[in-house]
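J.: Here are the chains, one letter per residue:
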Amino acid sequence: MDAFLQFIIAGLKNGSIYALVALGFTIVYAATGAINFAQGEFFMLGGMLGAFFASTGLPLPLAAVAAIAATAAIGAVFELLAVRPIGGGDPLRIIMVTIGGAVVLRQLALHFFGPDERPLAPFTEGLSIKAFGAAVERQTVWIWALTAMTVLVLALVYRKTAFGRAMRATSIRRDAARLVGIDARAMVTASFALAAALGALGGLAVAPLTQTAFNVGAGVGVKGFAAAILGGLGNPVAAVAGGLILGLLESLTAGYLDPVYKDAVALMVLLVVLFVRPQGLLGGSGREKV
Amino acid sequence: MRGARTLGRLAPFVALAIIAIVPLLVTDRFLLKIFTFAGINALVVTGLALLFGYAGQVSLGHAAFVGLGAYTCAFCTVRLEWPWLLAFIASGALAAVGGLLLALPSLRLKGHYLAMATLGFGLLMTLAFVEAEPITGGVDGFGGIPFPTLGPIEIREASSLYWLVWAIVGIALVAAFNVTSLRPGRAMRALHGSELGAQACGVDVVGVKVRAFVVSALLAGLAGALYASVVGFVSPSIFTLTASIAFLAMAVVGGTRSLSGPLAAAVLLTLVQYLDALIPGIPRETAQTLQSYQEDIYGLAIVLVVVLAPGGLASMWRRQTRGSHAS
Chain A
0 MDAFLQFIIA GLKNGSIYAL VALGFTIVYA ATGAINFAQG EFFMLGGMLG
50 AFFASTGLPL PLAAVAAIAA TAAIGAVFEL LAVRPIGGGD PLRIIMVTIG
100 GAVVLRQLAL HFFGPDERPL APFTEGLSIK AFGAAVERQT VWIWALTAMT
150 VLVLALVYRK TAFGRAMRAT SIRRDAARLV GIDARAMVTA SFALAAALGA
200 LGGLAVAPLT QTAFNVGAGV GVKGFAAAIL GGLGNPVAAV AGGLILGLLE
250 SLTAGYLDPV YKDAVALMVL LVVLFVRPQG LLGGSGREKV
Chain B
0 MRGARTLGRL APFVALAIIA IVPLLVTDRF LLKIFTFAGI NALVVTGLAL
50 LFGYAGQVSL GHAAFVGLGA YTCAFCTVRL EWPWLLAFIA SGALAAVGGL
100 LLALPSLRLK GHYLAMATLG FGLLMTLAFV EAEPITGGVD GFGGIPFPTL
150 GPIEIREASS LYWLVWAIVG IALVAAFNVT SLRPGRAMRA LHGSELGAQA
200 CGVDVVGVKV RAFVVSALLA GLAGALYASV VGFVSPSIFT LTASIAFLAM
250 AVVGGTRSLS GPLAAAVLLT LVQYLDALIP GIPRETAQTL QSYQEDIYGL
300 AIVLVVVLAP GGLASMWRRQ TRGSHAS
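Quick note, the sequences are listed as chains A and B, same order.
Anchor point for the first sequence: position 228 equals 227 in numbering that gives the first Met the number 0, and the numbering is continuous, going up by one each time.
Anchor point for the second sequence: position 230 equals 229 in numbering that gives the first Met the number 0, and the numbering is continuous, going up by one each time.
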């Protein structure tokens, strides 16, 4: 029973991170209709930049904020330089550009920060919290709190603010949004910045537990995407649910079968969902009409 | 204007002749090996040209199919002591089956789920090559793979290996050319334009995409078997995401709706990796710098081509010949 509880805790911890990455996929997909293959690299940049800023002597909270802001800026610049020139056209070209861009971002991180793993201090020092016979690391509590807060703030922004409504309008129908005076192109840039910030937050929050390196992006990207697909691509609530479910599946597989299979779970989930229920657990019918 | 057209018609034959006589002009064994590697990459990229350039799908996992072929060939020839040709065919077949299993769920849908599924597949296979130690030899790799044999003839000379590889590339190119210029090719081009439109005209959209993917996986598997037999040693560090990106970059730079463009790009981008061997006078540091920025070049090349010249080399060449045609 104790072991089971421990697996659940680990699953919800990783699941929260996948949820953040999945939200990033969802936001860019809503704005462009394309999958952003650089999403995992934003996760990597968050961790690496955080570790870098902290190593320059910046206090940890400041380093964290700086890392998120810098990654968001990189996301916006990435959109302006590579995605915008394509225009709202062919999603295949947007996907290709994000693939190439992901490689460039990863290589830049390699050239700047080197090939070694980098540590980051936990947000608060201290022993694990014990409850019901299970131990919860303090950083795990941080991850849960930050994810919950982010989801809450995002939901409020999307419902209550003019910016959020403009984002939603653009994702529903780009042309119509333009007709009522929304700068649809700026919304796409904003979606990349926001997705980058979410990825960075995930990378930053998990770095104290796992360390981080220039090459962690692709793996996390696949898992975040599997989570987004599991819930239903394009739906933020579903992305969070998908992330948590994927995290739980992974940690239970690793716990009860073999840790070697842990990384296979995401791909299995991805393929099974595509095969059985491509609209995701919470998605409606995704049929396209002529 | 007629000159340009005749040139365009003659180009494949001229290229073929040049490729065929290389071993007569180049005696350096290391150089020949580089040109052989170029042929192996060309085989993979020919499959990707069908998949990307004609069917409009992206794969980020083709190195995994190359690896699957390489390990199958190694295992069948060394452990099972199969004749080489049988092992070679088995390598292609296994990669094709793997491709089918991956493509069926991913390609039923619109959007580019295949790209993500192949990315996951590639990462997973890299892991599998390391973990399945009894079969693959783990991180230490798999050595002692014999040279190709055809019946009693063992192919071990650098020049013979070169000819074997390029002969298979030639067969693949002819087959691919037939596919693209006949009915399946028209179907593929149609769905690159508009999937719904193609569907409305009675094109089996999913079937065409799945077939293109399976053929590309098959060619990648065969290329892997050739690699294993030419080098004699395989290890998991070769069949990584980095290699998949390199193959994709070659296909993208080569261009859409073309086989000769990707072929040229595959050869050129392979040769860039060995610039120090090709140009003897080049300073060592320059070569090393170039090597450490190899992946940056692939990434940037993909971005630049897609943003600035989405048709790649092939469409630049087409525009050139058409331009001189109009004058």
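Check each hint, because a few of them may be wrong.
On the chain A side, residues computed to face chain B include the following (Cβ under 8 angstroms) [as the list claims (entries may be wrong)]: (1) I94; (2) I98; (3) A265.
Read the hints as simulated data drawn from the structure, not as lab findings.
Backbone N, C-alpha and C fix where the C-beta goes; we use that ideal spot for every residue, glycine too.
J.: Can you list which hints this structure breaks, lowest number first?
T.: none
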